[in-house]
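Asker: Residue numbers (the UniProt record's numbering), protein chains in the order written: chain A, 1 to 428; chain B, 1 to 428.
Source of the hints: derived by calculation from the structure; they are not laboratory data.
Any given hint could turn out to be false.
Calculated pairs, PhoX-like style, for lysine-lysine (alpha carbon to alpha carbon, straight line, at most 25 Å) [as the list claims (entries may be wrong)]:
| # | chain 1 | residue 1 | chain 2 | residue 2 |
| --- | --- | --- | --- | --- |
| 1 | B | K99 | B | K52 |
| 2 | B | K9 | A | K31 |
| 3 | B | K31 | B | K9 |
| 4 | A | K62 | A | K31 |
| 5 | A | K10 | B | K9 |
| 6 | B | K31 | B | K62 |
| 7 | B | K10 | A | K10 |
| 8 | B | K62 | B | K52 |
| 9 | B | K10 | A | K9 |
| 10 | B | K31 | A | K99 |
| 11 | A | K99 | A | K151 |
| 12 | A | K31 | A | K52 |
| 13 | A | K62 | A | K52 |
| 14 | B | K9 | A | K9 |
Quick look at which bits of chain B chain A covers, simulated, 3 or more residues with Cβ under 8 Å [stated by the list, open to error]:
| # | segment |
| --- | --- |
| 15 | 43-56 |
| 16 | 81-88 |
| 17 | 128-141 |
| 18 | 242-250 |
| 19 | 258-271 |
Small disclaimer: the values here were computed from a predicted structure and weren't measured.
Positions of the beta carbon are idealized from the N, C-alpha and C atoms, including for glycine.
Number of protein chains: 2
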Amino acid sequence: MATAAELQKKVRELEAKLAAALGNAGPVRQKIDVMSSEVVDSNPYSRLMALKRMGIVENYEKIRELSVAVVGVGGVGSVTAEMLTRCGIGKLILFDYDKVELANMNRLFFQPHQAGLSKVDAAASTLQAINPDVAIDAYNYNITTVDNFQKFCDTISTGSLTSSPVDLVLSCVDNFEARMAINTACNELNQRWFESGVSENAVSGHIQFIIPGETACFACAPPLVVASKIDEKTLKREGVCAASLPTTMGIVAGFLVQNTLKHLLNFGNVSHYLGYSALTDFFPAMTLRVRELQNTLKHLLNFGNVSHYLGYSALTDFFPAMTLRPNPQCDDSYCRQRQAEFRAKPVVELATEVTEDSSPVHADNEYGISLVDENSPEEETPDLKLVDGVQVAYSIPVDNSTPESSTGGAVAASELSLEELMQQMKSM
Amino acid sequence: MATAAELQKKVRELEAKLAAALGNAGPVRQKIDVMSSEVVDSNPYSRLMALKRMGIVENYEKIRELSVAVVGVGGVGSVTAEMLTRCGIGKLILFDYDKVELANMNRLFFQPHQAGLSKVDAAASTLQAINPDVAIDAYNYNITTVDNFQKFCDTISTGSLTSSPVDLVLSCVDNFEARMAINTACNELNQRWFESGVSENAVSGHIQFIIPGETACFACAPPLVVASKIDEKTLKREGVCAASLPTTMGIVAGFLVQNTLKHLLNFGNVSHYLGYSALTDFFPAMTLRVRELQNTLKHLLNFGNVSHYLGYSALTDFFPAMTLRPNPQCDDSYCRQRQAEFRAKPVVELATEVTEDSSPVHADNEYGISLVDENSPEEETPDLKLVDGVQVAYSIPVDNSTPESSTGGAVAASELSLEELMQQMKSM
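All chains should be built: construct the whole structure from the sequences, respecting the hints.
Answerer: Structure, rendered in structure tokens:
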């Protein structure tokens, strides 16, 4: 047995190592009962509660009652979980069955000393240290096996702080099979979820908000920026791997959590599809609520009614628009059931174009640049102010033949046939 | 003195705490001499080197020779530094003079146990553990004092791995004074840099690439999405603070490092201005190299020549375009000197519009949608394929009266007078 002096030395060494490991062990964060707006250095919520004072979020504290499931805790999922944890989400449920490897160190979150640990355990321990107020459940299994799929469904449908269904499911998985499993579960459970993905070449990504029955599910149509359909494990066996960058993955996680916050805390406009192309910094976006951009394109290009998908091809200088409405022949029977339920909802008439009212066109035009209104193309607008060198080049054609029909919250779309849509996607 | 048994117990306790602190102490990452593409779990660079195989980056290893200075290690700067570290940057130079506080825990990177440490020391220690291959210098001072400003300039101009100037400076500061100090230094040193910022209400941000003499410097014109001009410390004294979100800050850091990589490793197109509005997921972007979007707008809206700033107002349905060329009357004398040098550079004729060649228009049109070409508006293009319900609504006016002039790499812009530009910015 070691002598007392040797042991004393060992204690000192360990204490020093521990202090170093803990970053010189400053004050550790204690649990906090109520989110406070107080502006003191010791309040981890002051900058978040300031969102109320700034008029961005009405009731930020509500976040502590909310539960989010994150499926896949890799390059996107781990950062997603960390952002939600730092935002003070009430409960976080993590699913993954992979281990941390040094090969993951080119992405944010995990650290080399965690190599070999399960991703969910390593993540849960780091996240709990960052914010002890968050309830964290971690499940270390593959959701695509029959048994685990049922466990997954059960957890989603009873996982909230009050044992009700979780408020949102975020898919951060890296393969087609897992996405289909989440899609099937969410259609069956009528659960809203976000799909996300990053391309194999690491320089593009997307998020997509899926509301069963209302928007296209993952089986209705594949996402436009398709994440790898090939399981990473298959690739690795062949000695190749997909490229990845901490930048693209961090950006996609940021988009995912930002839209999660907007949806759950009811501020801003939630994107139904948001893509990102790193090479050209292009962001095709689509929402059901923000109609302005689509309407602008309708103004400018006059192709029928407003569509739900807005894309842009840098190569061909053109903005295509297409619908992402659900596929009536979707293979997923629960998707078809949700579609029928959605169609049966009472139809709410949308307000007609704001430009039809008699107020000055573009009264708040902060750039001092304007175009004539779609519905009064020939009308002289006396307040039309153009900066030097800028002129209105053409009148926008009138088209009164296709009044917008309204289906729930969605605006009518110039629908491509599903066949055409699929054909276009396949050829991309 | 404690007994051997007591000490033995203490050793076991400390060992357990240390193991916990180190995440059960898996294998720690050793230094690596040469970046390898080998696909094994232990290779932290396999996913980055895969960018070569994917055809994205020609020579990824070059990153190990490059040096980047990050000024400000807060919500944006810390994530920026982490991304660069994980990407394997050769050398990272950090500047900050603030301490980690629990109030910073709503952003990524720092952890509660680091509260009280200087941001640069805490960051350097975490980053070094993540990637021991990166050379990290940390400076804990305020760059805006006279003495420190000179030290800052000296460090920037000799800070690379070979004692030459750093390859890029990234501004991640949170106040106007520090931005002006960086601007002054970079104009004097003829140093390329990126400005970045996040708004006080936490829901918008921007990055801007500044090339002295070629693009507007920070003193030429304020950025369009202005980060707080009020020092956070002033606000805190008054018991209020700016709001912040880990999402927006992570996204801005992602944009910053993504464009840093594109610039330093020469792939894709570097954005000269990239904004982000979280509420509507809108991204005004402007580059000198990507002319497609601007040309599209020129096609569609016909307002003069192609401009350098592309904005979009969600409220008014309109895309304004304005130049961000430098201000000939800029207060910064070095900026004016760089402008004179830039003007004196030999003029390189730009290739004329690609659509002037005889190959089929939009041969690679992945969406199957097209518009007639600007230079042949009346011409029938036999390969013009429109999807059902989509039609060309108007012919684009011909304007041969304003051939593009060329100034270096920049395209000619329909310039607003500086007064008008400033007026517009002030009114935003």
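Asker: The structure should be examined with respect to each hint, and the outcome stated for every one.
Answerer: Hint check results:
{"no.": "1", "hint": "B:K99 <-> B:K52", "result": "39 Å, violated"}
{"no.": "2", "hint": "B:K9 <-> A:K31", "result": "29 Å, violated"}
{"no.": "3", "hint": "B:K31 <-> B:K9", "result": "35 Å, violated"}
{"no.": "4", "hint": "A:K62 <-> A:K31", "result": "17 Å, holds"}
{"no.": "5", "hint": "A:K10 <-> B:K9", "result": "12 Å, holds"}
{"no.": "6", "hint": "B:K31 <-> B:K62", "result": "17 Å, holds"}
{"no.": "7", "hint": "B:K10 <-> A:K10", "result": "10 Å, holds"}
{"no.": "8", "hint": "B:K62 <-> B:K52", "result": "12 Å, holds"}
{"no.": "9", "hint": "B:K10 <-> A:K9", "result": "12 Å, holds"}
{"no.": "10", "hint": "B:K31 <-> A:K99", "result": "22 Å, holds"}
{"no.": "11", "hint": "A:K99 <-> A:K151", "result": "21 Å, holds"}
{"no.": "12", "hint": "A:K31 <-> A:K52", "result": "22 Å, holds"}
{"no.": "13", "hint": "A:K62 <-> A:K52", "result": "12 Å, holds"}
{"no.": "14", "hint": "B:K9 <-> A:K9", "result": "14 Å, holds"}
{"no.": "15", "hint": "43-56", "result": "holds (count 12)"}
{"no.": "16", "hint": "81-88", "result": "holds (count 5)"}
{"no.": "17", "hint": "128-141", "result": "holds (count 3)"}
{"no.": "18", "hint": "242-250", "result": "holds (count 8)"}
{"no.": "19", "hint": "258-271", "result": "holds (count 8)"}
Checked against the numbered hints given earlier, this structure breaks hints 1, 2 and 3; the rest are met.
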